[in-house]
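**Q** Below are the chains, spelled out letter by letter.
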Amino acid sequence: MTEKATQNFIETYERTQARLPGADSWLSRRRETAVKAFAEAGLPHRRLEEWKYTDLRQVLEKAAFAPAPAHEGAVILPDSRSAAAFAAIDRYTVVFVNGRYRADLSHTSRLPKGVELHPLVDVVHEQWARDLVERRLDDGRQAENVVDLNTALMNDGACLRIRKGVKLDKPLHLLFFTADAGASHTRNLILIENEAEATIFETHVGAEAGFANIVTDVSLAEGARLGHLKLQDEATGAVHLATMRTRLEASAHFTSFTLTLGCGVSRGQNFVLFAGEGAEAHVNGAYALRGTQHSDQFCVIDHAVPGCTSHTLFKGVLDDSSEGVFQGKVIVRPHAQKTDGRQMTQALLLSRNAAMNAKPELEIYADDVQCAHGSTVGELSRDAIFYLRSRGIPELQARQLLISAFLDEALDLVPHEMARNALKSLTDDWFAEARA
Amino acid sequence: MAAVRETVETVGEVEKYKYGFFTDIESEKAPLGLTEDTVRFISAKKNEPEWLLEWRLAAFRRWLTMTEPTWAKVTYPPIDFQDAYYYSAPKQMAKLDSLDQVDPKLLETYAKLGIPLTEQKMLAGVAVDAVFDSVSVVTTFKEKLAEVGVIFCPMSEAVQKHPELVKKYLGSVVPTSDNFYATLNSAVFSEGSFVYIPEGVRCPMELSTYFRINEKQTGQFERTLIIADKGSYVSYLEGCTAPQRDENQLHAAVVELVTHDDAEIKYSTVQNWFPGDEEGKGGVYNFVTKRGDCRGVNSKISWTQVETGSAITWKYPSCILRGDNSRGEFYSIAISNGHQQVDSGTKMIHLGRNTTSRIISKGIAAGHSSNTYRGLVSVHRKAENVRNFTQCDSLLIGDRCSAHTVPYIETKNPTAVLEHEATTSKISDDQLFYCMQRGIGEEEAVALIVNGFCRDVLQQLPMEFAVEAQKLVGISLEGSVG
Amino acid sequence: MNVKETSMLEIRNLHVTVDGKEILRGIDLDVRAGEVHAIMGPNGSGKSTLSYVLAGREGYEVTEGSVRFKGRDLLEMGVDERAAAGIFLAFQYPLEIPGVTTMTFLKTALNAQRKARGEGELDAVRFLKLVREKAKPLNVSDDMLKRALNVGYSGGEKKRAEVLQMSLLEPALAVLDETDSGLDIDALKTVADGVNALRSSDRAMVVITHYQRLLDYIVPDVVHVLSQGRIVKTGGKELAHELEKSGYAAYGADAA
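Protein chains in written order, with the working numbering: chain A, 1 to 436; chain B, 1 to 482; chain C, 1 to 256.
Chain A on its own, in the form it takes in the complex (with noise of 0.2 Å):
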């Protein structure tokens, strides 16, 4: 017996297969293939170890979500801190509403030469796309179900790819927006060729409780260097669910931080493979939940080769009943001598309802390599505050003081100067509008 939202999916797909970009090629194929293999696994659920903490098949039963509709009409973008959080960067931008690209909203006029920047319907004849969507980053730890479900009924998304060599000269954001209520799918795939470099920001905010499931599948060549930057500040019912597999070659550099404020139940899925020596990658992240929000931190970087390094540290403040997940691994294979790989995870619990949930874990096949984990879970210290009250600090501010030092631990890790002041700005206001 199938699960109503598992069906709902599935017969979405029935209906809307023939109208969905590359209908008529290899990716119908593919789709039939993620859809069949979907529908056996169904959503998935607490009684698999890795969405122990967060049980997507029970949120969605209950959300049940109609496919988002198309937007057609004029936009208007809220005006909320997060939207306008990188208004002041020169930058590119790509604008998604309800899932779908809009031009009309875009600024992506004079890209350099060699950087080439489309919707998914555009490349989807291009083998480059193709290696990415076909592309498994190894023996299934990639929650392939929810990929799965994004390959049968992805409808749109970001494609970058920027040719050896070439620099981006600004940073790109991509801007999702959920005008109205409704299940998107959406599929980035970004390829930066040998010593290239980009930076990415992503906003995603909106109006109406939406169900965002998000792939983005990124290929780092020799000497590449991206850096990814995520706010996510969506309603209050939105179900955010966003999945990113990112294949590193030698040399290449990968730094990536997500910030959550918004949405009632969010995922964030980060798989980082490195395929060659000498390879970087840096996962961080930092989140702040009131209310009865739900947010899960899944990592899992897997050291294939030797001689790389990863660094992950998710720092978090949970208010009333909100509750944090962060869930790691660090897997070093058979031979991926000389790795250094770390990981840290630190959350604040600031009401007597709220919850934290870590599983930091090391899966170690080799012997020279200097691995590490720690996890830290307390409230604010009761000495430090009392220590800044005697200092004359009123108490509100003092914890505001205190919860900002603990967080900016994390936000110093923003690649992007400019970004990272408007982020730590975001979580100031977030403990200001807690006490307003």
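If you're looking for bench data, these hints aren't it; they were derived computationally from the structure.
Just so you know, not all the hints are guaranteed correct.
[What the hints assert, rightly or not] Chain C side only, calculated, beta carbon under 10 Å to chain A, not exhaustive: (1) 76; (2) 79; (3) 87; (4) 89; (5) 106; (6) 114.
[Claimed, not checked] Each computed DSS-like pair below joins lysine-lysine, with the alpha-carbon atoms no more than 25 Å apart: (7) 426/B / 338/A; (8) 146/C / 107/C; (9) 146/C / 136/C; (10) 382/B / 52/A; (11) 424/A / 170/A; (12) 161/B / 45/B; (13) 158/C / 136/C; (14) 158/C / 146/C; (15) 146/C / 129/C; (16) 426/B / 382/B; (17) 52/A / 426/B; (18) 113/A / 164/A; (19) 52/A / 412/B; (20) 115/C / 70/C; (21) 424/A / 146/C; (22) 52/A / 161/B; (23) 233/C / 21/C; (24) 107/C / 129/C; (25) 142/B / 161/B; (26) 424/A / 107/C; (27) 382/B / 347/B.
Note that the Cβ used here is the ideal one computed from N, Cα and C, for glycine as well.
Based on the hints, put chains B and C in the right spot on chain A.
**A** Here is chains B and C on its own, set in the frame of chain A:
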């Protein structure tokens, strides 16, 4: 330094698995396989009261509906539970009044194991209960313990002499439905130790049980129950060995500890079941459920384990910190070599206020082995001011072994302070070079460095065991370098 | 009424328990503006308890008695309210606060106090100038100011940072809790010079110490001996020297 040197020297003298001999002794077995009749047979052999038989049968029926757990990071061929003997007893052992009546072959066996049972040769201040396959051979120092009211006897004797205590506590920490192996144990357990420390008594000596699997194809299912009444204290040591055999032997024990107000139990294990040969053939499957319940306020349970044996270890000595201010500790050294697979750790369940726990785990993997730490620290909504500190360090020797760390940290109370650290490293070439330049052989140097790595845990062991454990560390790692 | 004539700090029959155990058993103390009082006593006599009670730390329960500060009931005031009113505690063990730079901390504290007193906040430029001016004589470098508060500071640096805070916040009553502990003689002199520079006719100080050594550099007007929760003797600065020779044994405690 002198002590360390001495250890290193001793290490050199001891041969590989010296406990791998078999004692040829006539035994009485239950029919091969496992049915309700097997359960009835065991219960009848032990002359058990009706309620206990019913208890076993309920567990057995439940067990039939259960499946083996598969979440641990261990792999082994399916176990045929019908192709094993669930009860085996040395024949002459019906009833003994004194040591003089013990079969001399048995005494010899224990002497070979380094456990003298004749009281004049006893290690000072250690009372021993020796369990051979399914029955208790002898319990020493009984009278002396009885003077202060301490009950220390085989479980089967406790069932006869102290039924009210057994009935009250048996299965109260590890319920019969707990997990596949614990349920199996509840159905067929044959022997084990029973300890009761009365209110206010500090047990005057270390209590110790040595477990020995001798017979072929025999599963050992011991059941140990230790109760520390208000304000009492006991330190309990457990040692395990088995003969070298080609087939795998199953060991599925259950240990239950209960501490009342202000009581403390310190439970130490040196587990050295046969680990299998170089090719990974044979060895003991060690599927053990150990759990302590800090039922009273200010009570404390401390687990210390040195796990060097067994082909597969599946073991999570845990603490339920129910009483306010109670404390749980878990100190572990798990060494795996050859084709051994270890999946071990602990659970600290914080239910009471101001409860604290500390976890120090040292995993050493060598050869082709796999060594996993799996642990849970859980803080419930009403548990105020909980503190936990966890440190799990792994050391890898060679590039064909693996080490894994799988901690679960769950809290629902903001006043908790939970800290977890884990590291993975190898013995550095510089360290080895330094030792060897000073004239220490490579294997000795490894043993020396590994002993240093394990120091925090070795220190927790009672003196008599610490020396043995240090030797074991060296022996278990033989052949791991070069 | 002449302010000089009344006490700035007026402690009457103060009883304090910590975890149900009575630590202070009836303290009476009057400190007037311009005075420096030393409180000496063996370990466990209640010295630090007194300083924490004045600052308002949690867990110190006043079971009896009163404390008035500049005519107000101190015990009714919150921790930061007391600070804004002019009470400063130099901690024996200053806290390390990762992630908060010393500069941010100083600015936040100073402006919070100014705000509480109805004064305007200082802008960044004026603040920076002020901090540099105060930091210089104490040998507190710009680098130190940029680092997280007390994190990785040596013992001497921590104590100098405490005196810098005091000098910047200009309290009416400074309570120095074992400020000499962990300092070598040079560090002690720097700290003492900093404290002495702050002595003035409208400021009072309570110097808590186990040893007489500090009082060679910060010379008190009045010396009190605290033992088992009570002030058992009061005298002039010569009392400190006397104690140095005879120890605390005469006061019902070991000279630990």
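**Q** If any of the earlier hints don't hold here, list their numbers in rising order.
**A** Structure breaks hints 1, 16, 17 and 22.
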